[in-house]
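K.L.:
All chains should be built: construct the whole structure from the sequences, respecting the hints.
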Amino acid sequence: MKILIVDDFSTMRRIIKNLLRDLGFNNTDEADDGNTGLPKLQSGNYDFLVTDWNMPGMTGIELLRAVRADERLKSLPVLMVTAEAKKEQIVMAAQEGVNGYIVKPFTAQTLKEKIEKIFERIEG
Amino acid sequence: MDGTPLNRDLLLENAQALIASLESPETSDQELEAQIDVINNLRDNSLFNELGKMTREIHDSIMRFRMDNRIADLAETDIPDAKDRLEYVIEMTEKAANTAMGVIEGSTPLAEKLGGQASELKAQWEKFRRRELSPEELRAMGNDVETFLDESERMTNTLLSGFTEILMAQDFQDLTGQIIRQVINLVNEIEHNLVELVKIQGKSMVKEDKQKPASDEMKLDGPQVPGKETSDDVMKGQDDVDDLLASLGF
Chain Y
0 MKILIVDDFS TMRRIIKNLL RDLGFNNTDE ADDGNTGLPK LQSGNYDFLV TDWNMPGMTG
60 IELLRAVRAD ERLKSLPVLM VTAEAKKEQI VMAAQEGVNG YIVKPFTAQT LKEKIEKIFE
120 RIEG
Chain H
0 MDGTPLNRDL LLENAQALIA SLESPETSDQ ELEAQIDVIN NLRDNSLFNE LGKMTREIHD
60 SIMRFRMDNR IADLAETDIP DAKDRLEYVI EMTEKAANTA MGVIEGSTPL AEKLGGQASE
120 LKAQWEKFRR RELSPEELRA MGNDVETFLD ESERMTNTLL SGFTEILMAQ DFQDLTGQII
180 RQVINLVNEI EHNLVELVKI QGKSMVKEDK QKPASDEMKL DGPQVPGKET SDDVMKGQDD
240 VDDLLASLGF
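So the protein lines, in turn, are chains Y and H.
The opening position of the first sequence corresponds to residue 0 in numbering that gives the first Met the number 0, with each subsequent residue numbered one higher.
The opening position of the second sequence corresponds to residue 0 in numbering that gives the first Met the number 0, with each subsequent residue numbered one higher.
Hint data in this document are derived by calculation from the structure and do not stem from the laboratory.
Treat the hints with care, since some could be wrong.
To be verified - Derived DSS-like pairs (lysine-lysine); straight-line CA-CA distance at most 25 Å:
1) 85/Y / 235/H
2) 85/Y / 39/Y
3) 1/Y / 111/Y
4) 103/Y / 235/H
5) 94/H / 82/H
6) 111/Y / 198/H
7) 112/H / 85/Y
8) 82/H / 218/H
9) 103/Y / 85/Y
10) 86/Y / 82/H
11) 111/Y / 235/H
12) 218/H / 103/Y
13) 52/H / 103/Y
14) 116/Y / 235/H
15) 86/Y / 235/H
16) 52/H / 218/H
Claimed, not checked - Examples of chain Y residues lying across from chain H (beta carbon under 8 Å, computed):
17) 24
18) 26
19) 27
20) 42
21) 84
22) 103
Glycine is no exception: its CB is placed at the ideal position from the N, C-alpha and C atoms.
P.N.:
Structure follows, in structure tokens:
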């Protein structure tokens, strides 16, 4: 299971990376926004994307749209982990095809639950 | 108008002189006009006095505002200084986060190793209790126990020094708290000065600018701050988000 973590704050990437490692996902890679993340997704075999929303350059929602518009990436599970908590934003992310949405600050337990739920739905 | 009162005595004197002039057939029109002008001027003077007073007040306010070096300092020194300080807050919090995560990343394999060794020893110990160990295996277990105890001691010391490192890294909270408080004070001062400026400009300006800018649908608000007034369309936490997504069929 190869996971890409996209967030403009290196500390947040590191936190998510450590939490994922605790959950047994050791194969992670990082990018600091959509502009650097999208080429990685297109060239590597990633199984899962965890992305922030508010980033300079290409935002998370733009990255999500780009992923869904890409023939080879369109079924990639995407989990959004963001501080944006407005109803219209969550609805927008859902409409753009996000698989899970976590608002910061979040707990390790929440991350675990959402990831498990996403895979349950994909496998089920 | 309510302002400088008219000089009634002077007005009466002039009015009586005008009546006297009117009653006298010898007075020329020019003389009458001159007398009416005098009376007119009496009224105009009080208007001018009032206008003069207002002009002086406005002038004084503007001058006071311009002479106040504090405002120049705010713009030239304090605001750039506050930006530097806030940058420093980011720097310090980032450093603390990295210190803590560095210790955790370094310690986790140690703790895992220790746990793993304990499990192995436990299995051997259970075999021993069930008398399934050969004398050779027993000797090996003795060695393993010795190694394990040594390593436990060493690793515990490493972990404890890591805890101290994490503890010490929390000093950023005190320092960043002080810096942020200074910046809050600065913002208060700027607010106060802006209010003064608005007062000089006059109340009409305030009304005109009340209109809010058109709301931007994609404006990103960032983290919700506890205790801040938020509208109903902002989720209070993960539970709200989950409920909303559930209602959308997630």
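K.L.:
Hint by hint, note whether the structure agrees.
P.N.:
A quick look at each hint next to the structure:
{"no.": "1", "hint": "85/Y / 235/H", "verdict": "holds, 9 Å"}
{"no.": "2", "hint": "85/Y / 39/Y", "verdict": "violated, 29 Å"}
{"no.": "3", "hint": "1/Y / 111/Y", "verdict": "holds, 16 Å"}
{"no.": "4", "hint": "103/Y / 235/H", "verdict": "holds, 11 Å"}
{"no.": "5", "hint": "94/H / 82/H", "verdict": "holds, 18 Å"}
{"no.": "6", "hint": "111/Y / 198/H", "verdict": "violated, 56 Å"}
{"no.": "7", "hint": "112/H / 85/Y", "verdict": "violated, 44 Å"}
{"no.": "8", "hint": "82/H / 218/H", "verdict": "holds, 23 Å"}
{"no.": "9", "hint": "103/Y / 85/Y", "verdict": "holds, 12 Å"}
{"no.": "10", "hint": "86/Y / 82/H", "verdict": "violated, 32 Å"}
{"no.": "11", "hint": "111/Y / 235/H", "verdict": "holds, 20 Å"}
{"no.": "12", "hint": "218/H / 103/Y", "verdict": "holds, 17 Å"}
{"no.": "13", "hint": "52/H / 103/Y", "verdict": "violated, 59 Å"}
{"no.": "14", "hint": "116/Y / 235/H", "verdict": "holds, 22 Å"}
{"no.": "15", "hint": "86/Y / 235/H", "verdict": "holds, 10 Å"}
{"no.": "16", "hint": "52/H / 218/H", "verdict": "violated, 48 Å"}
{"no.": "17", "hint": "24", "verdict": "violated, 15 Å"}
{"no.": "18", "hint": "26", "verdict": "violated, 16 Å"}
{"no.": "19", "hint": "27", "verdict": "violated, 13 Å"}
{"no.": "20", "hint": "42", "verdict": "violated, 27 Å"}
{"no.": "21", "hint": "84", "verdict": "holds, 4 Å"}
{"no.": "22", "hint": "103", "verdict": "holds, 6 Å"}
Violation of the numbered hints given earlier is confined to hints 2, 6, 7, 10, 13, 16, 17, 18, 19, 20; the remaining hints are satisfied by the structure.
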